[in-house]
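Trainee: Listed below, chain by chain, are the residues.
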Amino acid sequence: MIEAVLSISGMALAAGLGLGFAAKKFQVESDPIAVQLVAVLPGSNCGSCGYPGCQAYADALASGGVAINLCSPGGKATMELLASLLGVTPMAMSDEDLGPVLAVIDENNCIGCTACIKACPVDAIIGANKQSHTVIATECTACKACLEPCPVNCITMTPVKQTLYNWSWSKPSGPKMLH
Amino acid sequence: MGIALTTLRSFHGGVHPADNKSLSAHRPIERLPLPKMLYVPLHQHLGTPCEPCVKPGDKVLKGDLIGEAQGFVSVPVHAPTSGTVLEIKQHTVGHPSGFTMLCVVIEPDGRDMWRSDLVGIKTPLQVDPSEIKKKIQEAGIVGLGGATFPSHIKMSPPKGKVVSLLLINGVECEPYLTCDARLMQERAREIVLGITIMMHALQTKECVIGIEANKPMAISAMRKVVDEFQQIKVAVLPVMYPQGAEKQLIEVVTGRQVPSGGLPIDVGVIVHNVATAVAIREAVEFGRPLISRLVTVTGKGVKSTANLEVLLGTPVQDLINFCGGLTYKTKKVIMGGPMMGTALHNLEAPVVKGTSGILALTSDETTFQQKEQNCIRCGSCLKVCPIRLMPCEMAWHSKHENLDALKEYNLFDCIECGSCAFVCPAHIPLVHYFRFGKISILAQKQADQAKQKVKERSQRKEARIAKEEAEKERKKAEMKAQSDARKAQAAMTAAQQTAESKPSETAKAETPVSQEAPTSGGTISEDDDKSVRAARAAKAAAAARAAKEARDAKTDAN
Numbered sequence: 000m001i002e003a004v005l006s007i008s009g010m011a012l013a014a015g016l017g018l019g020f021a022a023k024k025f026q027v028e029s030d031p032i033a034v035q036l037v038a039v040l041p042g043s044n045c046g047s048c049g050y051p052g053c054q055a056y057a058d059a060l061a062s063g064g065v066a067i068n069l070c071s072p073g074g075k076a077t078m079e080l081l082a083s084l085l086g087v088t089p090m091a092m093s094d095e096d097l098g099p100v101l102a103v104i105d106e107n108n109c110i111g112c113t114a115c116i117k118a119c120p121v122d123a124i125i126g127a128n129k130q131s132h133t134v135i136a137t138e139c140t141a142c143k144a145c146l147e148p149c150p151v152n153c154i155t156m157t158p159v160k161q162t163l164y165n166w167s168w169s170k171p172s173g174p175k176m177l178h
Numbered sequence: 000m001g002i003a004l005t006t007l008r009s010f011h012g013g014v015h016p017a018d019n020k021s022l023s024a025h026r027p028i029e030r031l032p033l034p035k036m037l038y039v040p041l042h043q044h045l046g047t048p049c050e051p052c053v054k055p056g057d058k059v060l061k062g063d064l065i066g067e068a069q070g071f072v073s074v075p076v077h078a079p080t081s082g083t084v085l086e087i088k089q090h091t092v093g094h095p096s097g098f099t100m101l102c103v104v105i106e107p108d109g110r111d112m113w114r115s116d117l118v119g120i121k122t123p124l125q126v127d128p129s130e131i132k133k134k135i136q137e138a139g140i141v142g143l144g145g146a147t148f149p150s151h152i153k154m155s156p157p158k159g160k161v162v163s164l165l166l167i168n169g170v171e172c173e174p175y176l177t178c179d180a181r182l183m184q185e186r187a188r189e190i191v192l193g194i195t196i197m198m199h200a201l202q203t204k205e206c207v208i209g210i211e212a213n214k215p216m217a218i219s220a221m222r223k224v225v226d227e228f229q230q231i232k233v234a235v236l237p238v239m240y241p242q243g244a245e246k247q248l249i250e251v252v253t254g255r256q257v258p259s260g261g262l263p264i265d266v267g268v269i270v271h272n273v274a275t276a277v278a279i280r281e282a283v284e285f286g287r288p289l290i291s292r293l294v295t296v297t298g299k300g301v302k303s304t305a306n307l308e309v310l311l312g313t314p315v316q317d318l319i320n321f322c323g324g325l326t327y328k329t330k331k332v333i334m335g336g337p338m339m340g341t342a343l344h345n346l347e348a349p350v351v352k353g354t355s356g357i358l359a360l361t362s363d364e365t366t367f368q369q370k371e372q373n374c375i376r377c378g379s380c381l382k383v384c385p386i387r388l389m390p391c392e393m394a395w396h397s398k399h400e401n402l403d404a405l406k407e408y409n410l411f412d413c414i415e416c417g418s419c420a421f422v423c424p425a426h427i428p429l430v431h432y433f434r435f436g437k438i439s440i441l442a443q444k445q446a447d448q449a450k451q452k453v454k455e456r457s458q459r460k461e462a463r464i465a466k467e468e469a470e471k472e473r474k475k476a477e478m479k480a481q482s483d484a485r486k487a488q489a490a491m492t493a494a495q496q497t498a499e500s501k502p503s504e505t506a507k508a509e510t511p512v513s514q515e516a517p518t519s520g521g522t523i524s525e526d527d528d529k530s531v532r533a534a535r536a537a538k539a540a541a542a543a544r545a546a547k548e549a550r551d552a553k554t555d556a557n
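Sequence order for the protein chains is B and W.
Residues in the first sequence are numbered from 0 upward in steps of one, following numbering that gives the first Met the number 0.
Residues in the second sequence are numbered from 0 upward in steps of one, following numbering that gives the first Met the number 0.
Isolated chain B (complex conformation) (with noise of 0.2 Å):
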């Protein structure tokens, strides 16, 4: 009898201290909902959204209460898989939805200040000192940071022109419903 008593709680004991062990030991210190957000936003922790880059706005979106429509360089397509991921409905872009756009600088009126290189968070601008600067439009993310610093306000987010090679087939609209 006591054998079987000791026996087990021993094992009991052994089993709980090797849990509570592991518990301690690979402990997941992050949200793993804020780590699914995170891998939706951009990535290029641009600030636009108000937050100090998009780890943080993901924690913000985790715990709860932050509008989901601040994110511009990611527009539309990232409200709307924030909003599946948190289960909540899609609002509108905060500000007004052009469609993809690029920052271009106003070459003419840039006096060169470097102040838009220092802010881009990807290194799109290339210019120097009272060199006119100039956006590369394959690196531009459209995150707005560049906008603000510009001492002349020389810089524009502008629709992306479409050709030739950016055009996509549309969706065929889909049969008309008759009743």
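Hints should not be assumed to be uniformly reliable.
What the hints assert, rightly or not - With a cut-off of at most 25 Å between alpha-carbon atoms, the simulated BS3-like pairs for lysine-lysine come out as follows:
1. W/450 - B/143
2. W/452 - B/117
3. W/454 - B/75
4. W/20 - W/35
5. B/117 - W/475
6. W/382 - W/331
Hint data in this document are derived by calculation from the structure and do not stem from the laboratory.
Please build the complex by placing chain W on the supplied structure of chain B, with the hints as guidance.
Mentor: Same frame as chain B, but now just chain W:
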């Protein structure tokens, strides 16, 4: 014995659209008169677009290079006639989007003069195959069946792959089109000469020319020439659409199936169109680049039909005008065949390397009025799909943008032949759904790649800034240490100097007072000079040290 079967196999499915070839099959090949203006697009092939290498105002001769190929999967573009380059501008082209493309606008001078330095290979069957391939690439030749894949790539099979069979595609399974049939009928010898060059370049011993049974004149003409060559055979194939598709033709002739995502070379076959064979012969034997092609102008919407030899860059309107214009019944003008062609937005679009036909169709020849209805799950599309895909399921997933499901249904194996849409009783635009699905998957892939790139770039920038900050801190600390050292040194020299100057002062004190002031002033300035020099030297030495350290740090970092 080669790999071609004596008894033909059939591929799965297929359809029998009314072929309407009798509209233009009897028209001999005619040369279209020189057009007033040519708009030569710089991207007439699959692959990277060309870069223009002429400027407005340049005089060009027929065959002059006007667009340079960019990389291996690209071919050059040549001037189709002699004349003046007026401008290089965006011009409408036969693309489903209706958007423009960069075109070289050439005003012909009427002389139609070839450049004089074109040289061919007199004995093409005795030269090294690589020379032939080079000629083909330089001539800008692409698959003239309509896919416009650069021919030199098909002529260069990867190492370790043996070409057992050269299959020449004279099937022309698209309804209406008759230009390949006329070419076989009238220029059979040129085709066969091209074939012998290709066989030599590929080092293959067997060639089959596949022709559908509805072209008896072409078959007899080809047979007559082929009889002289033991290694070349003509295979007469039963009529079935889409037999002219590469993979279907291979299955019919050899019984082999090209694996999903694979190429014909995976089963030891290379397929070329009959018109490509002629273009290759012109390029290799005479050094002439590809500057014209045969185009069938037909349909019930055009006054008279024709098989025309047209310079690339000729506006479609010129072809239609030559055929007497459109009738009032015309609903649609299509570039290419009726099954896989593209409806034109604008008749100013130029003829390009892939244009096999211009069809002016009336409402009873098109699906103009048909409205999409719901799928009734009849399974007709499953029966006709030549790839054995499930069009109905794919359209459903495409509609709901289930991109992962689309990949599972092997959407990318679809050749967009249109057989499913042709038989669909609910008039579902299946091919349109597949194109939308394909482009959505590609767009998603691109977006994922872009996101990855953004992350990498922002991480690199952060790392760079951190490194710069660290460097700044290090420099600051260094400068501080140096300035401290300098101060200490300066204090020391000053102390030494005062110690040295004391005896002289005492000596000067004995001299007359009148001379004292200038002398002492001179001494002081001399002392000052000395200390300034010392400080300067110390500074220069420190700067040199700092520069050296910075250089070392840089090389370390590198």
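Trainee: Against each hint, give a clear statement of whether it holds in the structure.
Mentor: To see whether the hints hold, each was checked on the structure:
no.: 1; hint: W/450 - B/143; in the structure: 17 Å, holds
no.: 2; hint: W/452 - B/117; in the structure: 19 Å, holds
no.: 3; hint: W/454 - B/75; in the structure: 19 Å, holds
no.: 4; hint: W/20 - W/35; in the structure: 30 Å, violated
no.: 5; hint: B/117 - W/475; in the structure: 22 Å, holds
no.: 6; hint: W/382 - W/331; in the structure: 29 Å, violated
Checked against the numbered hints given earlier, the structure breaks hints 4, 6 and satisfies all the rest.
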